[in-house]
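J.: As a plain string of letters, each chain reads:
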Amino acid sequence: MVGIVLISHSSGLAEEVAALARQIGGAQVPLAAAGGTEDGGLGTSPDRVTAAIEEVNRGEGVVLIPDLGSSVLTARLLESPGDVVLADVPFVEGAISAVVAAGGGASLAGVLAAAEEAWQVRKL
Amino acid sequence: MNTEFFAAWIDEIAAVVRARRDHLTQLDAAIGDADHGANLDRGFTAAREALTGASPRTPGALLVLVGTTLIRKVGGASGPLYGTAFREMGKAFGEAAEVSPAELSTALDAALAGVRRLGAAAEGDKTMVDALAPAAKALAQAVRDGLKAEEALEAAAAAAEEGAGATVPLQARKGRASYLGPRSVGHEDPGAASTALLFGALRAAASR
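Which chain is which? The protein sequence lines are W and C, in order.
Per this note's numbering, residue 1 is the first one in the first sequence, and the count goes up by one each step.
Per this note's numbering, residue 1 is the first one in the second sequence, and the count goes up by one each step.
FYI, nobody ran anything at the bench for these hints, they're computed from the structure.
Model, not experiment: these values are computed from the prediction.
The reader is advised that the hints may include incorrect statements.
[What the hints assert, rightly or not] Derived CB-CB ranges, DEER-like: (1) 34(C) - 47(W): 20 to 28 Å; (2) 80(W) - 168(C): 13 to 21 Å; (3) 80(W) - 150(C): 53 to 61 Å; (4) 54(C) - 122(W): 51 to 59 Å; (5) 23(W) - 117(C): 36 to 44 Å; (6) 80(W) - 54(C): 20 to 28 Å.
Ideal placement from N, C-alpha and C gives every residue a C-beta, glycine not left out.
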């Protein structure tokens with residue numbers, strides 16, 4: 001199964017979006033939240049993100065979903081073509097779409113495409 | 001310029017970032033999230049400690065270690081950006097024990113390319129690129145004009161300062177400040193300001 005890492009400036013934001021996506025998309029998906037700095041502040045910890053990637057990597061690839069700023073830049077630094085890829089998508093909707101697709105057994109490209117479909121989903 | 005010179009540069013940066021920490025944070029408070037001074041202080045303090053622990057033997061190895069430490073320790077967007085800049089410079093130096101101003105110029109171009117690639121920012125977006133790009137250009141021109149290292153670094157530092165100052169009237173198109181739209185106008189970009197400090201520190205290292 002494809003793994004997913006949610007990267008946010010805020011530990012709480014990453015955790016809660018992960019909880020939401022898990023509830024909708026299924027608890028079996030390898031999903032990790034990597035938010036905040038190591039001292040509990042707002043920011044990004046590359047070590048935390050690296051550990052999260054290792055935690056969810058089952059050999060079928062990992063999709064990184066960042067929120068903004070340093071989350072995006074950190075995710076870009078840790079990309080590895082064909083294995084660890086960044087999804088440039090809305091954080092909440094993209095996370096849910098990706099988890100649902102991964103839970104359904106989609107490939108890395110499939111999960112990425114599903115996450116990107118979140119751009120098209122309007123609320124009204 | 002040898003390993004000792006670049007170690008002195010990092011010392012100068014750590015000192016000036018510590019001295020200007022509150023100023024950088026105030027700039028960031030106006031249009032960002034008020035952590036730039038604290039983040040860079042933490043990052044360059046960690047970089048100095050890493051250098052003391054590892055004692056790298058070449059300028060290239062030293063700058064790669066500084067870059068890697070900044071990426072891990074800064075916590076904000078400036079970590080990956082400055083980290084990439086230092087790593088690209090270090091990689092451009094390869095195994096050389098000593099580098100010329102011309103080689104420094106080439107390395108700086110690589111750093112600029114790395115930062116642009118990562119942040120997708122262009123000149124005029126009100127980012128560190130607005131100080132880094134003119135500094136790289138000025139250094140390249142100084143090398144073409146055959147200036148001595150000290151004069152070349154003076155030209156680069158002056159260009160970085162001028163570039164940072166010129167961000168004041170700009171509206172941010174990249175980074176946290178871009179969410180503010182027109183409200184970002186009238187403030188100096190903190191990333192451009194800290195880049196100017198880095199080039200000032202390079203000038204200071206050369207005149208030590």
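J.: Against each hint, give a clear statement of whether it holds in the structure.
T.: Going down the list of hints, with the structure as the test:
1. 34(C) - 47(W): 20 to 28 Å: This hint holds: roughly 24 Å between Cβ atoms.
2. 80(W) - 168(C): 13 to 21 Å: Since residue 80(W) and residue 168(C) have Cβ atoms about 39 Å apart, the given range 13 to 21 Å is violated.
3. 80(W) - 150(C): 53 to 61 Å: violated (42 Å)
4. 54(C) - 122(W): 51 to 59 Å: holds (53 Å)
5. 23(W) - 117(C): 36 to 44 Å: holds (37 Å)
6. 80(W) - 54(C): 20 to 28 Å: With a Cβ separation near 26 Å, residue 80(W) and residue 54(C) satisfy 20 to 28 Å, so the hint holds.
Against the hints set out earlier in the document, violations occur for numbers 2 and 3.
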